[in-house]
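*Asks:* Spelled out, the chains give:
Protein chains: 2
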Amino acid sequence: MLTTFSYKNSALIPQNTLEEIASSLKEYTRRLQSVVDSKTYDAPESSINLPSDASLLDSVLTMKEKKVSPQLRYILDVGIGGSNLGTKSVYDALFGFYDILQPDRFPKILFLDTVSEDFFIKLSSLLESISNKEEILINAISKSGGTTETIANLEVLLEFLKKTFPDISDRLVITTDENSKLWQRAKELQIDVLPIPKQVGGRYSVLSAVGLFPLAAAGITIERLLKGAEEMREFCLSQDGLANPALLSAAITHFHSKNGKNITDSFFFAPQLESIGKWYRQLTGESLGKEHDLQGNVVHTGITPTVSIGSTDLHSVGQLYLGGPRDKITTFIYTTNEPALLSLPSSLQFPLVEGIENKKLREIMAAILEGVKIAYQKQGLPFMEVAFDSINEQSLGEFLQFKMLEMMYLGQLFNVNAFDQPHVELYKVETKRILNSK
Amino acid sequence: MLTTFSYKNSALIPQNTLEEIASSLKEYTRRLQSVVDSKTYDAPESSINLPSDASLLDSVLTMKEKKVSPQLRYILDVGIGGSNLGTKSVYDALFGFYDILQPDRFPKILFLDTVSEDFFIKLSSLLESISNKEEILINAISKSGGTTETIANLEVLLEFLKKTFPDISDRLVITTDENSKLWQRAKELQIDVLPIPKQVGGRYSVLSAVGLFPLAAAGITIERLLKGAEEMREFCLSQDGLANPALLSAAITHFHSKNGKNITDSFFFAPQLESIGKWYRQLTGESLGKEHDLQGNVVHTGITPTVSIGSTDLHSVGQLYLGGPRDKITTFIYTTNEPALLSLPSSLQFPLVEGIENKKLREIMAAILEGVKIAYQKQGLPFMEVAFDSINEQSLGEFLQFKMLEMMYLGQLFNVNAFDQPHVELYKVETKRILNSK
Numbered sequence: 009m010l011t012t013f014s015y016k017n018s019a020l021i022p023q024n025t026l027e028e029i030a031s032s033l034k035e036y037t038r039r040l041q042s043v044v045d046s047k048t049y050d051a052p053e054s055s056i057n058l059p060s061d062a063s064l065l066d067s068v069l070t071m072k073e074k075k076v077s078p079q080l081r082y083i084l085d086v087g088i089g090g091s092n093l094g095t096k097s098v099y100d101a102l103f104g105f106y107d108i109l110q111p112d113r114f115p116k117i118l119f120l121d122t123v124s125e126d127f128f129i130k131l132s133s134l135l136e137s138i139s140n141k142e143e144i145l146i147n148a149i150s151k152s153g154g155t156t157e158t159i160a161n162l163e164v165l166l167e168f169l170k171k172t173f174p175d176i177s178d179r180l181v182i183t184t185d186e187n188s189k190l191w192q193r194a195k196e197l198q199i200d201v202l203p204i205p206k207q208v209g210g211r212y213s214v215l216s217a218v219g220l221f222p223l224a225a226a227g228i229t230i231e232r233l234l235k236g237a238e239e240m241r242e243f244c245l246s247q248d249g250l251a252n253p254a255l256l257s258a259a260i261t262h263f264h265s266k267n268g269k270n271i272t273d274s275f276f277f278a279p280q281l282e283s284i285g286k287w288y289r290q291l292t293g294e295s296l297g298k299e300h301d302l303q304g305n306v307v308h309t310g311i312t313p314t315v316s317i318g319s320t321d322l323h324s325v326g327q328l329y330l331g332g333p334r335d336k337i338t339t340f341i342y343t344t345n346e347p348a349l350l351s352l353p354s355s356l357q358f359p360l361v362e363g364i365e366n367k368k369l370r371e372i373m374a375a376i377l378e379g380v381k382i383a384y385q386k387q388g389l390p391f392m393e394v395a396f397d398s399i400n401e402q403s404l405g406e407f408l409q410f411k412m413l414e415m416m417y418l419g420q421l422f423n424v425n426a427f428d429q430p431h432v433e434l435y436k437v438e439t440k441r442i443l444n445s446k
Numbered sequence: 009m010l011t012t013f014s015y016k017n018s019a020l021i022p023q024n025t026l027e028e029i030a031s032s033l034k035e036y037t038r039r040l041q042s043v044v045d046s047k048t049y050d051a052p053e054s055s056i057n058l059p060s061d062a063s064l065l066d067s068v069l070t071m072k073e074k075k076v077s078p079q080l081r082y083i084l085d086v087g088i089g090g091s092n093l094g095t096k097s098v099y100d101a102l103f104g105f106y107d108i109l110q111p112d113r114f115p116k117i118l119f120l121d122t123v124s125e126d127f128f129i130k131l132s133s134l135l136e137s138i139s140n141k142e143e144i145l146i147n148a149i150s151k152s153g154g155t156t157e158t159i160a161n162l163e164v165l166l167e168f169l170k171k172t173f174p175d176i177s178d179r180l181v182i183t184t185d186e187n188s189k190l191w192q193r194a195k196e197l198q199i200d201v202l203p204i205p206k207q208v209g210g211r212y213s214v215l216s217a218v219g220l221f222p223l224a225a226a227g228i229t230i231e232r233l234l235k236g237a238e239e240m241r242e243f244c245l246s247q248d249g250l251a252n253p254a255l256l257s258a259a260i261t262h263f264h265s266k267n268g269k270n271i272t273d274s275f276f277f278a279p280q281l282e283s284i285g286k287w288y289r290q291l292t293g294e295s296l297g298k299e300h301d302l303q304g305n306v307v308h309t310g311i312t313p314t315v316s317i318g319s320t321d322l323h324s325v326g327q328l329y330l331g332g333p334r335d336k337i338t339t340f341i342y343t344t345n346e347p348a349l350l351s352l353p354s355s356l357q358f359p360l361v362e363g364i365e366n367k368k369l370r371e372i373m374a375a376i377l378e379g380v381k382i383a384y385q386k387q388g389l390p391f392m393e394v395a396f397d398s399i400n401e402q403s404l405g406e407f408l409q410f411k412m413l414e415m416m417y418l419g420q421l422f423n424v425n426a427f428d429q430p431h432v433e434l435y436k437v438e439t440k441r442i443l444n445s446k
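Chains as they are written, first to last, in the working numbering: chain G, 9 to 446; chain A, 9 to 446.
Keep in mind the hints are simulated off the structure, nothing from the lab.
The structure displayed is predicted, hence computed values, not measured ones.
Be aware that one or more of the hints could be misleading.
[Unchecked claim] A few chain G residues that face chain A, going by a derived Cβ cut-off under 8 Å, partial list only:
1. Leu65
2. Tyr106
3. Asp107
4. Lys130
5. Leu166
6. Glu167
7. Pro279
8. Gln303
9. Gly304
10. Asn305
11. Thr314
12. His323
13. Leu350
14. Glu378
15. Leu443
16. Asn444
[Said to hold, decoys possible] Which chain A residues stay away from chain G? Per the calculated CB distances, all over 12 Å, these:
17. Leu20
18. Pro22
19. Leu26
20. Asp50
21. Leu69
22. Leu250
23. Asp321
24. Glu378
The C-beta atom is built at its ideal place from N, Cα and C for all residues, glycine as well.
Excised from the complex, chain G in its bound form (with noise of 0.2 Å):
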């Protein structure tokens, strides 16, 4: 296990309330535990039995050797919400956050996820330049099959690349649901699929070949990936509820939420975490923002999750966090075993900052963060930890699984479906109505 975590003096709950919690969530790690045993996907948790799927993994490297070749430059990722934030957490941490310095990294990835003229206009003058259509690969996801922007993208995107490369859906896979329309669609146009297992939603189908074929074309070892989920799985489904790190933090969580804490921050040591806290958000935020509880009441519940990145938001919201309103929850997120390599020389230009000669980088952000622990403590503002050896994809791999098993228990003790989303259809309805009406 590369990834850690820990809570004790710093989360600010009663042991006896924590024992409590875990043990009313011994059934569900057991409900948990036989979908794992039955290896199919039949319930909404089997989004945790992806890890473990040979044949979804041999699909998708299938696909990315008929795909890939050293050309490819540009992987278009069209897709929006689960389809992309996935993709986006594990990319980012890996390249993406560098990929401003490194314009001469390829493949790179880009993602279309909301419709942007301004975005598409600068995207099709970089296309022009072009010549082979061996270096694009174009990767639409849409689980339901319908989502208006990634049709949308899609279509002004194909309709662009055709004018150069008239057979252009060559290099067009698409993702979606096992006989969605959009599947069937594909099917008839000869264009290459990739399924989703009907209950695996999106919020929790990065671990699919939504999250995975775009990774593996941008040479991201997806192995890794999934081991680090099926490691981490075994752990977050211990029966023993205090030696299980996502049991926990739900519990946590939860115990404040119900104690006037409307917020759950995430606060990453590491700008590259970014995505992967917007990955969170989703999670969270459709997970257990809910009108309805699962006996029907009106409840409108949930917690909103925010993310921050250390230290850049000390300079920011610090001030709040520290200051402000008892209404956040804090996880801090952060590596312990990078290597070191970089210090300040041992005669600064700029004498001004006492204790910094000569020390590494990495130094003086782990005093940053640590100063920051103690500042939590002195006003009392619980806090949770968890601590990556290091950024790879079996840690990445290890924090995703994790997250979402940490959402299915938040799903039970906020008493609701954490599967579903049913309030996104009431703008969607009226979005309908407007364009059907013009």
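Please build the complex by placing chain A on the supplied structure of chain G, with the hints as guidance.
*Replies:* For chain A alone, kept in the frame of chain G given last:
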């Protein structure tokens, strides 16, 4: 005016309450006007004098003349919090959001805010490709002159660049408070400096040399940014409170915050504005998030700012916003008058979404936004709207000034000092102790 504010029928505030709040702010509006009339930098509010400061503009343009040649490729903006969030918000809105699509457009600004060894290692590889020092310009910004991250980043950067360019300090401009220790040291080393007026705090400093110099160096017409701010200032000092957008927005936000809504969401239907949302996070977080009120009572007050992107986040936190806790006041920010050049084809390859054939991309986005607004109204969720005519220097200047004046009114309504940030010291003290003990 390229930017308009609206709230009627959606802000869910009784008209007489609004009138009372407006009337309570009349005296403060007069005080703000007297600050403008003074044309000095004596009051905490005096950042509002920056847009009409001709000598500031002159000094920035003179420095640009001296430092920027057509060879310039990378501006290294070394600063954190108030020293870079404003710059980044304007740069990203106009260029940065598209930088990955435009590898050959220069100059680009690269931001060094937090200390990241991983980022620095990739940056140093990029800088190794630079053969002429005119291709780079470093702007290090620290109001106090003693910001740990900024000094650390600057020292490591200079140490690295000196190996290739022994006289690299020619290519450095330092922006800091006049007569800070950093200012004095820069003078000793004969490094060029630009001043920040003492009373202009970091989060209100975007229209000082802090933002103006790097933006001008990047080719942005700062005169139009200032013109927008100056025009907006007049509206936001209107004695008629019900015609004063900053006062209205403050009144509505405060009213809801006192009625159980502890989150203020800025929902941008233009993804290139995400960084301006992050700038506003600091502005709100540091200005209002306070342990003490103006009388010294312990209040732990404030409101937590969040940033959402339309339509992306409808597929992420839309479910939470529409179905979850009623704890948010929202501002939708969008454009109304950008050119609409791109349309969907009349015959779709994937005819799976009704009503989008032949539609312009901007029409689809407008229908989604309209659908969201109707859904918010039906759910009884309060919101305001800011409409940009289009995104350009002038409208960005208008928006920045609008929000800075809104924050000053909010400081009055929350009864806190909107210009200090005492709790940031809490972790800095601990960090300093740790660094000095090793």
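*Asks:* Confirm or reject each hint.
*Replies:* Each hint, compared with the structure:
no., hint, in the structure
1, Leu65, "violated, 27 Å"
2, Tyr106, "holds, 5 Å"
3, Asp107, "holds, 6 Å"
4, Lys130, "holds, 4 Å"
5, Leu166, "holds, 6 Å"
6, Glu167, "holds, 5 Å"
7, Pro279, "holds, 6 Å"
8, Gln303, "violated, 16 Å"
9, Gly304, "violated, 13 Å"
10, Asn305, "violated, 13 Å"
11, Thr314, "holds, 6 Å"
12, His323, "holds, 3 Å"
13, Leu350, "holds, 5 Å"
14, Glu378, "holds, 5 Å"
15, Leu443, "holds, 3 Å"
16, Asn444, "holds, 4 Å"
17, Leu20, "holds, 16 Å"
18, Pro22, "holds, 23 Å"
19, Leu26, "holds, 24 Å"
20, Asp50, "holds, 24 Å"
21, Leu69, "holds, 26 Å"
22, Leu250, "holds, 29 Å"
23, Asp321, "violated, 8 Å"
24, Glu378, "violated, 5 Å"
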